[in-house]
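Chains as they are written, first to last, in my numbering: chain P, 1 to 161; chain L, 1001 to 1403.
Calculated from the structure, these hints are not laboratory results.
Heads up, the beta-carbon is just placed ideally off N, CA and C, and yes, glycines get one too.
Among the hints, erroneous ones may be present.
[What the hints assert, rightly or not] Computed spacing ranges between beta-carbons, pair by pair:
(1) L:1110 / P:57: 55 to 63 Å
(2) L:1013 / P:51: 39 to 47 Å
(3) L:1090 / P:5: 16 to 24 Å
(4) L:1383 / P:123: 42 to 50 Å
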Amino acid sequence: MVNVEVTPLPGIGTRQDFVSRAGRRIGVITYRDGRMELIVSREDDPDACTASIPLSVEEASALAGLLGAPQLVADLRKENDGLTGVHTKQLSVLHGSPFDGRTLGDTQLRSRTAVSVVAVVRAGSVHPSPRPDFMLGGGDALITVGTAEGLAKAADVLDRG
Amino acid sequence: MHESSIALIELGAIFFGLGILGRLAWKIGISPIPLYLLGGLAFGSGGLVPLTGVGEFTSLAGEIGVILLLLLLGLEYSAAELVTGLRRSWLAGLVDLVLNATPGAIVALLLGWGPLGALAMAGVTYISSSGIVAKVLGDLGRLGNRETPVVLSILVFEDLAMAVYLPILTAVLAGATLLGGLTATGISLVAVTLVLVLALRFGRYVSAIVDSKSPEVFLLRVLGAALLVAGVAQQLQVSAAVGAFLLGIAISGSTAENAVRMLEPLRDLFAALFFVVFGLNTVPSTIPPVLGAAVLLALVTTATKVVTGWWAAKRQGIGRMGRARAGAALVARGEFSIVIAGLAVAAAAVDAQLAALTTAYVLVMAIIGPLAARFVEPAMRLADVMPGVRRGRRGAARSEASG
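Can you make the complete structure from the sequences, with help from the hints?
Here's what the structure looks like:
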């Protein structure tokens, strides 16, 4: 378990941080007006920060999504652990893929490969349970659940159509 | 007609000049307060180009500036933050008080200004400028540092101490007896406690009184409430500024945030005028005789603040570099030292040279403070590689920070 320390900064906001296994302090300063700053401690001086990077709300959620996508896969994997033969995988829609710019329904993944798309991660934000009319774009990552065989086939479908 | 046009031209020139000075100050990395003071000195009585015709307006505007300074200070803290801050930092706060108030008091006594002058100068050298400190910490990207909460909670203690100190000073300056002084202390202590409890329990209702969806109505209500409370407080001899500070604490949550956003430009405007007025009322030729004392005080109280910060940070298990940063961060004095001196001088109960000494002192400290914070790290590294100085075992002896 990661131990997140919450420290009030009177008149400014709060600092929430934890010490990573590599010994670096990583955290977020939340200002009273909602602005956020990502902080990373200095290597030679754990009390100080080597960077404090202001993040807009969109940027913060994008970063959270980027860091959270593998977590989503890991969670699903853990959940499906008991079910033999069910796998979770992150599949990419590449730029120039036949489905770049078409809807999820157009891929007919479900009928062709029996694979379910449980979420789409785009530019760091997670779109859970996408509907068939969800428009795919290059760079999207599809979080998919299916059999090993189905998933391999699905990857092919996404690449070649 | 003619008179008002001269006043307008002078005011316009003052504001425009302050704008240029402010830009220059932040560009070279110091607080604009010393430059505002210098501006005031240049145009005041006995200065280069004495101004006439704007005195009445600027002195009232200066008073509003003080009220807004303290109102915004109160708005920036929530009552809960103050209470937890006080609980965490009271010991460091007391060390800070003793170490930094004493030099001012001693110098005042040595200069023969009596107990009143000593009380005022103690306040001048004690209180750090939370405005400068917060700005510098933000600019240097140190808000995420481990020593920063230590610095901030010392500032919280100082600001609360001001809420008790200012009424005492006001009462004593007004010629109150010991009993009168004690009454003022009692009233202010009760008022501070009451406001903290009120704000903790019923902050919503206080906020609701001033809150409004229309920015215009909101601005008028907040400003009106602040001036009303300040005026009544002054009538009760509890110092107008403290009234505004307590009102600021009582207003909480999103109302406080909106109020800060709305009042910040007003505060900057009126506070700038306040510093100018203080400079205007200081005769430049009175400064050279106290310059030596000011420089001496500056050196001593720089050292005492560094010791305070170092000690407080060490107690929280911060490494050597962090301790030095905490100490240097606290060095800056500014707006509140001038507020205290302004009160003392206005009451005419202390030596007139107090204004000159405070001006010179703040001029030095408001410049030294940000520079000290900026250059403390290279200075420490230099000290580390110099022969004869024991190399620090930074990090090795670190104990886990508690609470």
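Among all the numbered hints in the text so far, which are the ones the structure does not match?
none
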